[in-house]
Amino acid sequence: MAPLTSVPFDVAPFRFSGTVYGTLLNHRDALDALGASIHEAPYKAPPKSVVLYLKPRNTLAGPGDVVAVPSDAPELELGPSLGLVIGRTTCRVSEAQALDHVAGCVIVADIGVPHASFYRPQVRFKARDGFCPIGPRVVGLADLGDLGQLGIRVHVDGQLVHESSTAGWIRSPARLLAEVTDFMTLAPGDVLMTGVPHGAPRVRAGQRSVVEIKGLGRLENRFVAMAEAEP
Amino acid sequence: MKRARVAYAGAVHEATPHHDAGGARLRLADGRIVAEDAVVWLPPFEVGTVVALGLNYADHAKELAFNAQQEPLVFLKGPGALIGHRGQTRRPADATFMHYECELAVVIGRTARQVSRADAMDHVAGYTVANDYAIRDYLENWYRPNLRVKNRDTGTVLGPWLVDAGDIDAPPALDLRTLVNGVVTQRGNTRDLVFDIPFLIEYLSGFMTLAPGDVILTGTPEGVVDVRPGDEVVCEIDGIGRLVNTIVDDAVFGRA
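Sequences listed follow chains A and B, in order. Our numbering puts the first residue of the first sequence at 699, with every later residue one more than the last. Our numbering puts the first residue of the second sequence at 5, with every later residue one more than the last.
So here's chain B without its partners, still in its complex pose:
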């Protein structure tokens, strides 16, 4: 089962995929069948705490010249950064290196406190795709990665679907890729996580209670490139979804 949250005709709805002779459309919970581009896609669940992993694929860590770690590099993000599928992300005019990060997002479904690795997957509600943008120009060496790099309005894209955990073999071994204007620029497989999902849930729940709606962005593999206004960025994870985003410039946001 996979579900989206969309705004349509004056309300927010849960929606599921609908396929018929008309192609891929959406079925709202109230029975209406609507086109995918007739709705506004929101993050597919009520998002709580956003926990993100840095350098959790060995190849990406090497790409950024980091050595192997003993402990996950975790950072936190606020709710204001979130947008849904088919949204727009602003690239500030002064940025010289802004890159996407395609990530498997793990959504917590049951309160997790000091959960063992063996029990960790019982606390997962499902998965979605995340595209967690970074603007490297703003990186400073204080509380890295500082929020100006990683917690910008429109900088974290989630969706399109929340896919039930039961529909995906655990732990997930899924190919993921990013396409910029249709060209594949990033490839990886979620089996290559340095710290896998059961480990992360055990580790995090050892010091912070994870609640339903909290989400873990598990990190990104190598292949991050600069994206420019007008670029269409598609992050895909097999079996989870195809998350589309467009880069826009300052003028769209009324900035000179």
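The following block holds chain A by itself, in its conformation from the complex:
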């Protein structure tokens, strides 16, 4: 499993490590959508620290790859996220210096089996093979401008089904890196997703998705029923 060799990039570290972390509920609209429930059981309180999850190496996929829809899930959710590609070892960075450690950004499609609870979702909702397409390319920070002002669009079978932007983050990329790397060192080639906006669109077997983030290109994938995806 050579992760993402089809997504080369020309800024250091020039390749992905294969480690990809997601950030939960980092868009204000996604947290707001939970309403008062964030104070109720099982959560009892809104998240205080940054909440992360892992997309393991079996989930990694590239542009154009086919994603298998499991037979027990009629639909999948496709969460578009801006991914920060770590350029050099990042440990206990200050917010002011955090972005100096980022090589660039890339589109990540965070795919999951829809689930209502954020308490202790089963790993099988998020960690199936192919559930983390990344691409089509890594763009250096110098070419991107303000990371907090990038438009995000998702098309399914040519129809625009979701439109949002990176505005409205609870934690900016710099803030995220400062908090995360206080307890967890990120290595060159690691990817940290900055979060998925509210209302991730749904996709079914037989459909094609395109995730666009301004300046980062288009990440296209195709969804097929599990039986068709069998080797």
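Just so you know, the hints here were simulated from the structure itself, not pulled from any lab data.
Just the calculated beta-carbon pair ranges, DEER-fashion:
| hint | chain 1 | residue 1 | chain 2 | residue 2 | range |
| --- | --- | --- | --- | --- | --- |
| 1 | B | Asn185 | A | Asp727 | 49 to 57 Å |
| 2 | A | Gly856 | B | Val44 | 50 to 58 Å |
| 3 | B | Asp63 | A | Ile868 | 37 to 45 Å |
| 4 | A | Gly733 | B | Arg259 | 36 to 44 Å |
| 5 | A | Ser769 | B | Ala260 | 51 to 59 Å |
| 6 | A | Arg873 | B | Ala33 | 45 to 53 Å |
| 7 | B | Arg191 | A | Asp844 | 51 to 59 Å |
| 8 | B | Arg191 | A | Arg818 | 23 to 31 Å |
| 9 | B | His22 | A | Pro706 | 43 to 51 Å |
Anything over 12 Å on all C-beta distances counts as not near chain B; from chain A, calculated:
| hint | residue |
| --- | --- |
| 10 | Glu775 |
| 11 | Gly838 |
| 12 | His896 |
For every residue, glycine included, the Cβ atom is placed at its ideal position computed from N, Cα and C.
Model the placement of chain B on the given structure of chain A, informed by the hints.
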């Protein structure tokens, strides 16, 4: 056969146990015989995805007031948390309850995709000991257990040895224990796993392809206690190894 990965004299080596009149030492693959404390012990194999089980011993689940489950509680860990035998694990100054978890770690040796229970053990390369620390102060009710509790730098200790699967009767029924400063604080036996190793491989490989180097930390029994800077924590599993770790404070890591 059991093997370690160690750094010595400018390179990383595979090492095997060596016993002679000089006591227990290590034999590097190139023939050098060295003392166990002359090397830096690394996790004993190239670690891929780390899959961990919560509450997989009935007694520990009871200890933490959980009811029996229908499905394993699985979480994932990143590579940055890993350290080897004789390493140091940081306890942050603001923590009030940081505990070890002695666990049998099952290392995958052959790609496993939709493997049946009957065939599961064919995909196991071997075993090692894991000590998977948690800091309960940081537990929040979002994507439990959140990574700040369970995926901290230096928080997951693996080693000393990778023991070949063929050397251990399957499924393993091995006594395990943890000693803090020489006093036994945790005891269990791997036969008491709620979800046993063949089940876990069948379950996990049903939705995610397991690759060589992936490792399943099978959970810990009851008997977790708070550990403090200066404590020596030893996790032992009979036939697999004796994994030593020391708790250190923030100052060691240059934090005020």
